[in-house]
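**Q** Sequence:
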Amino acid sequence: MEAAKWILRYVKGTNDYGLVYAREPKGKLKVFTDNNYARDIEDRRSTSGYACLLSKVAICWSSRKQDILALSSTEDGYVVVTNCACHCV
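Be aware that the sequence shown starts at 1, since it is given in my numbering, and climbs by one per residue.
Be a bit skeptical, because a hint or two may be false.
Only pairs whose alpha carbons sit at most 30 Å apart, straight line, appear in this in silico BS3-like list of lysine-lysine [as the list claims (entries may be wrong)]:
{"#": "1", "residue 1": "K5", "residue 2": "K65"}
{"#": "2", "residue 1": "K26", "residue 2": "K65"}
{"#": "3", "residue 1": "K26", "residue 2": "K56"}
{"#": "4", "residue 1": "K30", "residue 2": "K65"}
{"#": "5", "residue 1": "K65", "residue 2": "K28"}
{"#": "6", "residue 1": "K30", "residue 2": "K56"}
{"#": "7", "residue 1": "K5", "residue 2": "K28"}
Between beta-carbon pairs, the in silico distance windows are [to be verified]:
{"#": "8", "residue 1": "L8", "residue 2": "I41", "range": "35 to 43 Å"}
{"#": "9", "residue 1": "A4", "residue 2": "K26", "range": "38 to 46 Å"}
{"#": "10", "residue 1": "Y10", "residue 2": "G49", "range": "17 to 25 Å"}
{"#": "11", "residue 1": "S72", "residue 2": "A4", "range": "42 to 50 Å"}
{"#": "12", "residue 1": "N15", "residue 2": "Y78", "range": "35 to 43 Å"}
{"#": "13", "residue 1": "R23", "residue 2": "L69", "range": "39 to 47 Å"}
{"#": "14", "residue 1": "S55", "residue 2": "M1", "range": "20 to 28 Å"}
{"#": "15", "residue 1": "P25", "residue 2": "A3", "range": "26 to 34 Å"}
{"#": "16", "residue 1": "C86", "residue 2": "K26", "range": "18 to 26 Å"}
Hints listed in this document are in silico derivations from the structure and should not be mistaken for laboratory results.
Predicted model only: the values in this text are computed from it and were never measured.
Yeah, the Cβ is synthetic: ideal placement off N, Cα and C, and Gly gets one too.
Let the sequences and hints guide you as you build the complete structure.
**A** In structure tokens form, the structure reads like this:
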């Protein structure tokens, strides 16, 4: 119940926040990715993240521990880029 109250207070206090999209005839899509290969000492899984910006505004983003156990940093990078491409395009 406390969590629900906290969420409602947060929503009430931030109702004037939002994303502003500017009209641009040629909006550019920029994608940023990052990962840390096998940094979790317990299960050796990587944490990866990405952000997709269209005309300098974030349209999708994510940061989470990967579901698979990558065998190399190259595979780890491939996983984050693939996830990003699936969600941002």
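**Q** It remains to establish, for every hint, whether it holds in the given structure.
**A** Do the hints match the structure? See the list:
1. Distance restraint check for K5 and K65: the Cα-Cα separation of roughly 29 Å lies within the 30 Å cut-off, and the hinted pair is therefore satisfied.
2. A distance of roughly 34 Å separates the Cα atoms of K26 and K65; the hinted pair therefore is violated under the 30 Å criterion.
3. Annotation: proposed proximity of K26 to K56 holds, straight-line Cα distance about 12 Å (limit 30 Å).
4. Between K30 and K65 the alpha-carbon distance is near 23 Å, which keeps this suggested pair within the 30 Å criterion.
5. In summary, the hint linking K65 to K28 is supported, as the alpha carbons are separated by about 28 Å, within the 30 Å threshold.
6. Pair hint K30 plus K56 holds up; C-alpha atoms about 8 Å apart against a cutoff of 30 Å.
7. For the hint linking K5 to K28, the alpha-carbon distance of about 40 Å lies beyond 30 Å, and the restraint is violated.
8. For the pair L8 and I41, the supplied restraint of 35 to 43 Å holds, since their beta-carbon distance comes to about 38 Å.
9. Range check, A4 to K26: about 44 Å between beta-carbon atoms, so the 38 to 46 Å window is met.
10. Distance hint check: the CB atoms of Y10 and G49 are about 23 Å apart, consistent with the given range 17 to 25 Å.
11. The hinted range of 42 to 50 Å is satisfied by S72 and A4, whose Cβ atoms lie roughly 44 Å apart.
12. Hint check: N15 to Y78, Cβ distance near 40 Å, so the stated range 35 to 43 Å holds.
13. For R23 and L69, the Cβ-Cβ distance of about 44 Å falls inside the hinted range of 39 to 47 Å, so the restraint holds.
14. Range check, S55 to M1: Cβ separation about 41 Å, and the 20 to 28 Å hint is violated.
15. Judged by the Cβ atoms, the range 26 to 34 Å given for P25 and A3 is violated: they are separated by roughly 44 Å.
16. For the pair C86 and K26, the beta carbons lie near 25 Å from each other, so the given range of 18 to 26 Å is met.
Checked against the numbered hints given earlier, the structure breaks hints 2, 7, 14, 15 and satisfies all the rest.
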